[in-house]
Amino acid sequence: MNAKGFVHKYGDNVDTDVIIPARYLNIADKKELATHCMEDIDTEFVKVVKGGDVMVGGFNFGCGSSREHAPMVIKESGISCVIAKTFARIFYRNAINIGLAILECPEASEKIEAGDEVAIDFDTGVITNVTKNETYQANPFPEFIKEIIQAGGLMASIKERQGG
Amino acid sequence: MGMTMTQKILAAHAGLPEVKAGQLIRAKLDMVLGNDITSPVAIREFEAQGFTGVFDKSKISMVMDHFTPNKDIKAAEQCLQCRTFAHRFDIDNFYDVGQMGVEHALLPEKGLVCAGECIIGADSHTCTYGALGAFSTGVGSTDMAAGMATGETWFKVPEAIQVKLTGKLQPMVSGKDVILHLIGLIGVDGALYQSLEYTGEGVKSLSMDDRLCIANMSIEAGAKNGIFPVDEITEAYMKGRVDRPWTAYAADPDAEYTRTVEIDLNTVEPTVSFPHLPENAHPISDVGDIAIDQVIIGSCTNGRLEDMAIAAEILKGRKVDPNVRCIVMPATQQIFKDCIEKGYMTTFIDAGCAVSTPTCGPCLGGHMGVMANGEKCVATTNRNFVGRMGGITSEIYLASPAVAAASAIAGKIADPRKL
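Here the protein sequences line up with chains A and B, keeping their order.
According to this note's numbering, the first sequence is numbered sequentially starting from 1117.
According to this note's numbering, the second sequence is numbered sequentially starting from 5.
Just chain A, with the same shape it has in the complex:
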């Protein structure tokens, strides 16, 4: 499993209210919701994002509300992976549960700049910065979490377990 794309970079404490403002949480359609992704801190994001692109944040990415709409709209926008120094724990769970790839890597978060092209190998956790010709090593997922992702998310993994 791999990803490759251009980087959209943000700072520390990117909260779920800016990822998807609560005023849109009455919208059920994922595509329509995704048109508001990041709009309170970056009105350009939805105009320029392309499938496969990578989002990079600092500490405590995804803090705040438990709304699953946050990882959902990031995924729906076409982002293939979010890299951050740390993730807020509910966001971390939610991303795994819905199958949005996320990696904790302080070095990558420091060194990657907006617009860089990066390639990610999820099996090894190696992040390659194609633009800068650098590589960074992310913490790989624990085995338990890999199983959820491989099953296609939490619900599918439960179905698999119950069926087995």
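These are computed hints drawn from the structure, not numbers from a lab.
C-beta atoms are modelled at their ideal positions from N, C-alpha and C, and glycine is treated no differently.
Accuracy of the hints is not assured; some may be wrong.
Stated by the list, open to error - List time: in silico SDA-like cross-link candidates among lysine to any residue, alpha-carbon distance up to 25 Å:
#1 A/K1275 <-> B/A52
#2 B/K160 <-> A/G1269
#3 B/K32 <-> A/G1279
#4 B/K24 <-> B/G120
#5 B/K32 <-> B/D60
#6 B/K208 <-> B/G120
#7 A/K1166 <-> A/F1238
#8 B/K24 <-> A/P1258
#9 A/K1147 <-> B/D76
As the list claims (entries may be wrong) - Computed Cβ-Cβ distance ranges for the label pairs, DEER-style:
#10 B/V101 <-> A/P1258: 36 to 46 Å
#11 A/E1259 <-> B/A358: 52 to 62 Å
#12 B/S289 <-> A/V1246: 48 to 58 Å
#13 A/G1194 <-> B/E51: 25 to 35 Å
#14 A/A1230 <-> B/G347: 49 to 59 Å
#15 B/R421 <-> A/V1246: 56 to 66 Å
#16 A/Q1278 <-> B/L84: 27 to 37 Å
Said to hold, decoys possible - Chain A regions said to be covered by chain B (calculated; three or more residues, Cβ under 8 Å):
#17 1167–1181
#18 1207–1214
Using the hints provided, position chain B relative to the given structure of chain A.
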């Protein structure tokens, strides 16, 4: 090595004699909660996977509190979806307009959560029930769906930070000031992935409403949960509300903590958190002149009876500044009724406040107090992120009900001790 309170509860619910920090466990759930924003996503997942039953209809709560009474057609459709699901599976604890309150005030009040239980909720402030000595934590909608289907979830056993409280709060200082002060000390990710375990002789001077407020905002320091020991105050609160056996877990004397933070309650001042993070905490004496446009008194953080009582005490015989809109929202129907019986409602209305049926509305910029760009609000809510309560250049100052009421009168952020 001994276990923390949290670790003991998790071990018991995983059927294990002991657990260690970092261990992945599968735990049985005593309650699974959702609201009108998170439940529809959970229901969609639940139905997409073809589940045909819930694990226990008495252990699921759905509370229609966020965009209710329905703020628009889309919100009404979301509530309808929840209502249909609740009827289909005969969910015991479905709370609709007329019975509902703000979920984290409602569940403890109704005795639906208690000491020793393991609770997940698709709302980040589910950590509130740690005030009763429960393990409770916020999750997303997919976790809620899985919880409703199986009655279980997975956890990584957290490490813990010990918050040692000594002394006693001064007049006009409350649990809200303590938690804002703590978040100011350790930061919005100071307790990331960890438990905050509140201990020390200072705990006994804190009322249940103070503890609920402190546990509620533990998430704003990144914590997985916040938890208090069970004492006479907890038992008195649960008596008459909880009709099933409950268990008080105490941390082992040799329980391991990653750090200890000490707070002398005597020294905590009324505290205000500036935009746009709860960690921007300032003692009121350092605040300076900040004119405001709106005050919100309510929410899962500060919509309880003691919050209403202190606001009424301050507002009695006084008037809200003509340039300020002050909105008071008791968090449950019972609290609303108590406010009427105690005369608080008359006080609020005479002072020029708007009073409202319970709702989360303005806290997350839904309705009932959304702000224009450039406006400033003193709110007893829990988050002051960019755009949280309206326009992206609006500003939220988090504070206690006492500070909020004093500020409503003064037209600027004010010290309730100096009125």
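Checklist entry - Do the beta carbons of A/E1259 and B/A358 sit within 52 to 62 Å of each other? => result holds, 54 Å
Checklist entry - Taken at face value, is the distance from the CA of B/D76 to the CA of A/K1147 at most 25 Å? => result holds, 20 Å
Item to check | Coverage of the segment 1167–1181 of chain A by chain B (three or more Cβ within 8 Å) | outcome: With 5 residues in contact (Cβ-Cβ under 8 Å with chain B), the coverage given for the segment 1167–1181 of chain A holds.
Item to check | Agreement of A/K1166 and A/F1238 with the hint, judged by alpha carbon distance not exceeding 25 Å | outcome: holds, 20 Å
Checklist entry - Is B/K160 within 25 Å of A/G1269, Cα to Cα? => result holds, 17 Å
Checklist entry - Hey, A/K1275 versus B/A52, does the alpha-carbon distance stay inside 25 Å? => result Cα-Cα ~11 Å, so holds.
Item to check | Supplied distance hint 56 to 66 Å, evaluated on CB atoms of B/R421 and A/V1246 | outcome: Given about 60 Å between the Cβ atoms, the range holds.
Next on the checklist: Is 27 to 37 Å respected by the C-beta to C-beta distance linking A/Q1278 and B/L84?
Outcome noted: holds, 30 Å
Checklist entry - Straight-line Cα separation of B/K32 and B/D60 no greater than 25 Å? => result Status holds; Cα separation ~12 Å.
Checklist entry - Are the Cα atoms of B/K32 and A/G1279 separated by 25 Å or less? => result Status holds; Cα separation ~20 Å.
Checklist entry - So does B/V101 sit 36 to 46 Å from A/P1258, Cβ to Cβ? => result holds, 43 Å
Checklist entry - Between A/A1230 and B/G347, does the beta-carbon spacing fit 49 to 59 Å? => result holds, 58 Å
Violated hints for the displayed structure: none, as all numbered hints are satisfied.
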